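Visitor: Those sequence lines, one after another, are chains A and B. 1 is the number of the first residue of the first sequence in the numbering used here; add one for each residue after it. 1001 is the number of the first residue of the second sequence in the numbering used here; add one for each residue after it.
If you're looking for bench data, these hints aren't it; they were derived computationally from the structure. Just so you know, these numbers come straight off a predicted model, no measurement behind them. Just so it is clear, CB atoms sit at the ideal spot from N, CA and C, and this is done for glycine as well. Some clues are possibly wrong.
Derived EDC-like pairs: lysine to aspartate or glutamate, alpha-carbon spacing no greater than 20 Å straight-line [claimed, not checked]:
id	chain 1	residue 1	chain 2	residue 2
1	B	K1263	B	D1211
2	B	K1236	A	E162
3	A	K235	B	D1211
Every beta carbon over 12 Å from chain B, so not counted as near; a handful from chain A, in silico [to be verified]:
id	residue
4	E15
5	R37
6	V254
The calculated label-pair distances, taken between Cβ atoms and stated as ranges, are [claimed, not checked]:
id	chain 1	residue 1	chain 2	residue 2	range
7	B	A1185	A	G253	40 to 46 Å
8	A	K143	B	E1086	55 to 61 Å
9	A	R230	B	D1147	43 to 49 Å
10	B	D1147	A	E117	48 to 54 Å
11	B	E1086	A	T31	48 to 54 Å
12	A	E19	B	A1088	43 to 49 Å
13	A	E222	B	G1049	45 to 51 Å
14	B	A1185	A	G87	27 to 33 Å
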Amino acid sequence: MTDAQDRAARERELEQLEEQLAQMRASGADTADLEARVQALREAVWRHPSPWQVVQAARHPQRPKLGDYLTRIFTDVVELHGDRLFGDDPAVFAGLARLDGEPVVVVGHHKGKDTRENVYRRWGMPNPEGYRKAARLFRLADKLGLPVVALVDTPAAYPGVEAEERGQAEAIARSIFTLVQLRSPVVVAITGEGGSGGALAIGVGDRVLMMQYAIYSVIPPEGCAAILWRDAARKEEAASALKLTAQDLLELGVVDEVVPEPLGGAHRDPDRAAAALHEALTRHLGEVRALPPEERIRCRYDKYRRMGRFSLRPAHAAAPSDDPRSADVR
Amino acid sequence: MLNWLRRPKYESVERRDIPAGLWAKCPRCAQLVYRKELERNLKVCPKCGYHHRLSGPERLRLLVDEGTFQEWDADLASEDPLGFPEYADRYRQAVQRTGRPEAVLCGRGRIDGVPAAVAVLDFDFLGGSMGSVVGEKVARTFERAVDLRLPVVTCSASGGARMQEGVLSLMQLAKTVAAVGRLHAAGLPFVSVLCDPTTGGVTASFAMLGDVHVAEPGALIGFAGARVIEQTIRQKLPEGFQTAEFLLRCGLVDLIVPRAELKATVARLLHLMGAGEVVG
Ligand SMILES: [Zn+2]
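Isolated chain B, as found in the complex (with noise of 0.2 Å):
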């Protein structure tokens, strides 16, 4: 039987637990299900609550309100600055089969009706590594939003920084980071949501720097791999360990939410936090 806390590996950003076809057999509950009703659910598991993985462009139809979306910066392209083996390949290949240019989508936009500027990574790209593109996006949103007076919006969902591109895309921590300081002496409000899986890099950087923290229900966030620190300290982890839920317990997110529920919720905190006033 599958322990429901645990999560199951992701070895591939291929999404092998919704087989092309009429049924879906749930990784957690193992149960099928059938298809359209999977996504009738924002493709969470009607028997169980598994919250499956989205893609960027399905987030934002989640989070943003039909025809309000206008996207920045779509046309920022990836370089390989070392000649890093395989990248190049790899990259194209994240493109073709994405169709979509790098691992962030970022815009304006309304959140049931509050204007806010919206970063969404996209974990079926590269794994949502953030190279220098995806830090050189995310910065631009807080910089945009703080000359907009806007709030700003992460949905994030990484593996952590893109290896392809060495200490640069290190630097992406620092570059992001120090956008969040611009939105903070601006006054305005960050809420960020923390999907599945929010690790690394990323994790160390813009993401737990919000002023709210919203997760999904069963999200792993962390900063080191489960791998890893199992290594490191020759002991099994405890049950539940990196997920939203042990995160809200050790004080490191505000709030976990489903996502039937979340677009409201984040419109909610904005209004609550001022941002409904801004007229965008």
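Excised from the complex, chain A in its bound form (with noise of 0.2 Å):
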């Protein structure tokens, strides 16, 4: 049995004691036992997890959503509708709402409950309509001086015939120019799944968190192994290879705080999870809050600036040139 399928087998066998543990518990029965077993198997199984154990976390069908983290960490929500273009993308959420009774811009990807409400909002995948709703909340957000709240949980940009015709790709590039230039504060939270450029189209902020079993790749872990070894079924090592938790990105500097989770992912105590993420929000909020707008988008723009790693070829090593400035391709 390899690591990986230990791990899950493993993994079933906790979801199966905690369920029976939830029914014992509803019944009233003594659980003191199982509840041991169940903390014991929670240890072994998430003390050290794999990066396809987390890519597994932040793909749960009960990880909390975005409409989780609403209710719990928002109050006074009013969801806005449309791009005032062309529609109403229901794969992203934006709105208005209160954090902490302050005013603020929520803008987030709508994954659904069931699988028929995710039919529906295209298991979070937007449109261009979605990002263009997005950006003109941005927008709102910056003439109102409103800070914005963004919760990136999406695995990618929708890939659609009419997504291209309707221009994916700008709608993408346009949100992003909007941000970093956006004079108000801006909170970004990965909550689940960060599906490369359809995660950072709404995922440029003045601070970046990453909840502790989210992921942020620049491609699924499938595809690279589809890439690279011609052969999908090797994910386990592609998900090591890229890189794509939330401590491995703290490392990188793409993250700037990792929001702790309960032992084996948000879903097995949501109401905690929004705790620990309600308290990093108000708190990294605050602390943009203070800057003037000027020297918010200043910063803002050396952080994005200084994010990659490359290095100084010494000359003497410079590939020979094919220099463009003798040549003439007449």
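Take the two lone chains and join them into the complex the hints point to.
Guide: Structure, rendered in structure tokens:
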């Protein structure tokens, strides 16, 4: 049995025990023994999760979604609809709300709770009008001086014919363009799946937080494995190679803080996960709010300007160059 | 018979369509063309008008006046920040095969006499993919253009973000877009030339933020890959999907310009946008 299969088997066992425990609690039985067993198994399975385990937690069907965080963290939530250009995209939530009593603009990928809702919301994969609705709300925040909170949880921007016809790439680029220049404070939290450009489109901010078992990647592990080894089944290896966990991205300087989750994933205790996220959002927003807008924009520029790793090639090691200055195509 | 709108697949960055030898077989019309004639014709098929892909240096020679190009940041080299499987080897091979250090050439030069900052992506080098170095060089090009009061012309040919640098590659989208914002704030023009192919993270960043978008005829331009879309919607894609002509109909590019007219058109656009007045 491979390590991954072994972990998967133990995770299944853990979920069965957790279900038993919930039933016993409901019936008022004595649960002390079972609780101890569940806790021990949770420790064993999740103390040092593999990157692939984290991928599975991030995609867990019961993982808290945008709606779960909206009700637990914000009050007075009013969803707003439409990009004023083409339509309304149910894969993106955008609206006004209060965070700790103060008005904010909230934007996020909107995954559904069940298959029916997920079909309607395209599993949180936006079309261009979703990003354009988001950008519209970013501009509103800018106009009113409201802070922006963006919650990221998407497998990808939707790969569809109509999405391409309506300019998916332009919509993503334009949304990023709007965010980097926004006068308002912007705090981003990657809560589940950070699927490449589809995530980054609303994921550029003064602070970027990442939930402990969220993932953020330039390509899904399956796609990476298919390209690298022509074998999508090697997704576990690809998940490790891509450095897509919160801890990896903290070390690479891409995220600013890892928000702790209950051991084994936010779905095991959504209230506690939401409370931790709430605390982090409040704290970071307070910090970036204290800066004057121009200073904030400059810091945000520098933050992204610094990202990446490269070195200077010593002159003698430079490759012989086909000097474009001396030649002519004719 | 080959469908003339449907582009050939590009499994490899080696230009198999132009084998060494006197004759080249056109991937679109399948006719044999005398190589010298093809070169003279700027690598546009004289029989069917198919625009063969150009390397970065070829593109520069096409666009920038002879003897005016000063390269910037030629010494920036990629690292392997994730220790990604096979990356170091593939990178070294790309350097050896192309004789160039990265997938982008940046600098200043004149385009029909108009001074401009130029960034040219090179599809020959790891599919023109954008990793840390490409993102950094493109961002610096925009920043220098602001300092020197120059317009920017980018020529894109890229499969997107470079997988081997993971999320650091994704962050180059934000970095380059932020730099475009600086040029925008400085009131300087930006012409984005979209060459075959421009997809993924490059399309979803600076390449789609030009004041004017110019595409080469037949160029593949899009965000998601055709195969991914087909798998998602489980349908065949429409004729000519994601070609320059398709994007023109969708309102996403301004002009489709044949290669022979590209340089003059870009220069004219720069003049009309006030760039000729600026002395570089
Ligand atoms: Zn031909």
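Visitor: Indicate, hint by hint, whether the structure satisfies it.
Guide: How the hints compare with the structure:
Proximity of K1263(B) to D1211(B) is assessed by CA-CA distance (about 17 Å); at most 20 Å being required, the pair is judged to hold. The straight-line distance between the Cα atoms of K1236(B) and E162(A) is roughly 13 Å, inside the 20 Å bound, and the hint therefore holds. Restraint check: the Cα-Cα separation between K235(A) and D1211(B) comes to about 40 Å, which exceeds 20 Å; the hinted pair is violated. Every Cβ of chain B is farther than 12 Å from the Cβ of E15(A); the closest lies at roughly 29 Å, confirming the non-interface assignment.
Every CB of chain B lies more than 12 Å from the CB of R37(A), the least distance being 38 Å, so the non-interface label holds. With a minimum CB-CB distance of about 5 Å to chain B, V254(A) fails to clear the 12 Å threshold, and the non-interface call is violated. Restraint check, A1185(B) to G253(A): a C-beta distance of roughly 26 Å breaks the suggested window 40 to 46 Å. Checking the proposed 55 to 61 Å range against K143(A) and E1086(B) shows it is violated: the Cβ atoms sit about 49 Å from each other.
The hinted range of 43 to 49 Å is satisfied by R230(A) and D1147(B), whose Cβ atoms lie roughly 46 Å apart. As the Cβ distance of D1147(B) to E117(A) is approximately 51 Å, the hint placing it in 48 to 54 Å holds. With their beta carbons about 51 Å apart, E1086(B) and T31(A) fall inside the hinted range of 48 to 54 Å. Taken as a hint, the range 43 to 49 Å holds for the pair E19(A) and A1088(B), whose Cβ atoms sit roughly 47 Å apart.
Between E222(A) and G1049(B) the CB atoms are about 39 Å apart, so this pair departs from the stated range of 45 to 51 Å. Separation of A1185(B) from G87(A) is about 31 Å and conforms to the stated range, judged on CB atoms against 27 to 33 Å.
Hint check: violations occur at hints 3, 6, 7, 8 and 13; the rest are consistent with the structure.
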